[in-house]
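Asker: So you can see what is in the structure, the chains are spelled out below.
There are 2 protein chains.
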Amino acid sequence: MNFVSEALNLSKFSTERLEERGILRIAFVKHPFFSDVVDAVRIEKKFGIYEEGTVIVKGKDRLRVFRGFPKIKRILYLESGLKKHFGSTKIALEEKMNGYNVRIGKIGDEIYAITRRGLICPYTTEKAREKIPKDFFEEYPEHMLCCEALGKASPYVPDYYGIEGLEFFLFDIRESKTNKALSIHEKEEIAERYDLRMVNILLKTSAEDIENIKRVLEELNDKSREGVVFKDLEMNLPPLKYTTSFSNCGDLSYAFKNFEEYGRDFMLARIVREAFQTFEFQDNIDNRAYRLGKAILDSAVESIKKVKEGKEVTEELNLTFSSEEVLELFKMHLKLLGITFREIERKKRNDKIEAKFERVMRATTDKIKSLLEGNPW
Amino acid sequence: MNFVSEALNLSKFSTERLEERGILRIAFVKHPFFSDVVDAVRIEKKFGIYEEGTVIVKGKDRLRVFRGFPKIKRILYLESGLKKHFGSTKIALEEKMNGYNVRIGKIGDEIYAITRRGLICPYTTEKAREKIPKDFFEEYPEHMLCCEALGKASPYVPDYYGIEGLEFFLFDIRESKTNKALSIHEKEEIAERYDLRMVNILLKTSAEDIENIKRVLEELNDKSREGVVFKDLEMNLPPLKYTTSFSNCGDLSYAFKNFEEYGRDFMLARIVREAFQTFEFQDNIDNRAYRLGKAILDSAVESIKKVKEGKEVTEELNLTFSSEEVLELFKMHLKLLGITFREIERKKRNDKIEAKFERVMRATTDKIKSLLEGNPW
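Taken in sequence, the protein lines are chains A and B. Following this note's numbering, the numbering of the first sequence begins with 1 at its first residue and continues without gaps. Following this note's numbering, the numbering of the second sequence begins with 1 at its first residue and continues without gaps.
I should point out that these hints are in silico values taken from the structure, not numbers from a laboratory. Hints may contain errors.
Same chains, same names: a pair is fine if it fits in one copy or spans any two.
To be verified - Heads up, simulated DSS-like pairs for lysine-lysine below, C-alpha to C-alpha not over 25 Å straight-line:
(1) Lys214 <-> Lys83
(2) Lys369 <-> Lys45
(3) Lys60 <-> Lys134
(4) Lys294 <-> Lys30
(5) Lys58 <-> Lys331
(6) Lys347 <-> Lys308
Next comes chain A alone, as it looks inside the complex:
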């Protein structure tokens, strides 16, 4: 762990204490595929200036720190929330996409992809190497590309967009060691020059323009999109986020499908968001109530039905790998994450390997089974 002390400028003693307290954890599965990485640890829980998910890498050439992606605060009431936070500063409304947060950087000679909690993911890394032009890092060796990864081949979040494979949508370019973000203008210029796919910028305006801001959100909702991140154009203020009714209900549907796996706080938060939106947008409360009730009840009843038919409540993943080697590495990676999936199918198609994984929602399945057998709650 000497490289951690050196990279973070900590005493050996402090680093050892962090390790003992479980705050420093291993960030990757050692494997030839990660040949540029000698060692890497991640920060499990924010300490000092270092965000959760920060990764310290001993690369084969030099030490690197990839700061964790900062938590974005959420407002529930747009009108006062935006004014209070941004005042009269110019802001951009960027589309918030529903995938998983990835930081992409160069270590040694290759591109690596780090997920939110600070793990170097072999699957995402493989895809990033296919999609992200390496020459960006020649110009910006100290920066990382913060992207939303999504598509039908996402291992972590189901696809809502009908996107084949796995795509990366850029939303921030940050200096990896300081977490300082480039301005939106610089980001746009770079994205265009390197042909990087970017999340949609839906509107540039200011907090006073509440009617247009609400309109953007209504349109997003009509298109079954997740929501918006509000950013000041210079990226000096922390961003804020806000989600559509579609997103709130989608989350609830997922949570109630797997109701024993999901936190009660998760459920309540989404319901309260929906209540505030109903109040602020002043549209038909009956439609919203119906949509909310459906999201909750349909998915819970669906799970009960499945268990009654003798099946289990599951989540399924369909992934494509370039080699058996990366597939096996990814399975080790899931183990490191503490997620228990089982592989239920593997097929060769062209030069790719298609694999189907299944995660059994054990707690929900067992609870439903017990209740259906007539046991009391």
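We have chain A; now place chain B onto it with these hints.
Answerer: This is chain B only, laid out in the frame that chain A set:
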């Protein structure tokens, strides 16, 4: 605490330990109105055979133990649940009413009413003295009447039945020291002889008669009633309970009105009940979804509206007392319970005193206020 050791047949040392651990607590506010009670403690948490809410009373004549009312387990799936629990035993479906659980017994020369957690409630005691014939206790001095107390003048649960004042509905007669219940037949006979109002017995049947059982529940739901307690006629098996959709949604409505005061588990449990009922009753899922969504959203939005208008989220009580003395005693009793109500109105009408109390839901009010001011969640 010597009387506790004596009544429960515990060593002095054991009793002291229970007191230290906070399991033995004071059960009443000392006051001339409770003149038959020299001392009384309640059991805050089940230990050994003694249920939570058990009260040990040093009466002016003798020691008494009033056992806590046993928790009734709930099933979520009727068909298997009833068969598993009752087999082919004959059962009664008693209406479960939505009030508060009261045990009524005689101490010294007078009737006293004990609430679920084991507190002697002055308000309920006053009303029980008006409604319950003392001569029952001449015949059954060792027994207690277990009743649901409800009506417009209920201090603890809003009225759902349009009942004036506070009424007591008998559902069990139990030997106070052993908690042994009389059979349903004996209870019916006694209720008739002493003119005690009883909860409705809706059906006597067995677990196999599932279609009629479901019909009873549907009828209850149509009449906006809470649910059913299933009991074997001899009262040898523990009862089971099951609630209607009306009740589940009513609870949710209340919980989401005061969403920061209410436990997340409380919310989830009611939603899951509704999902199991939707599955078992196979009726229109869309209607149920709408009802569920309305219950949740309407009440949450209502609270947001109130706070936006500068008001607070509150619960209101309208109570009638026979004297200022009992009113003041009841306020001390609420303090003992840890509930902070404020009295907002007091009127004399005929020889009664009408008082209006208001409880401010501080956590929910503050949370909504903060979110409306634009603070992040």
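Asker: For this structure, which hints from the list above don't hold up?
Answerer: As far as the earlier hints go, 2, 4, 6 are violated by this structure, in ascending order.
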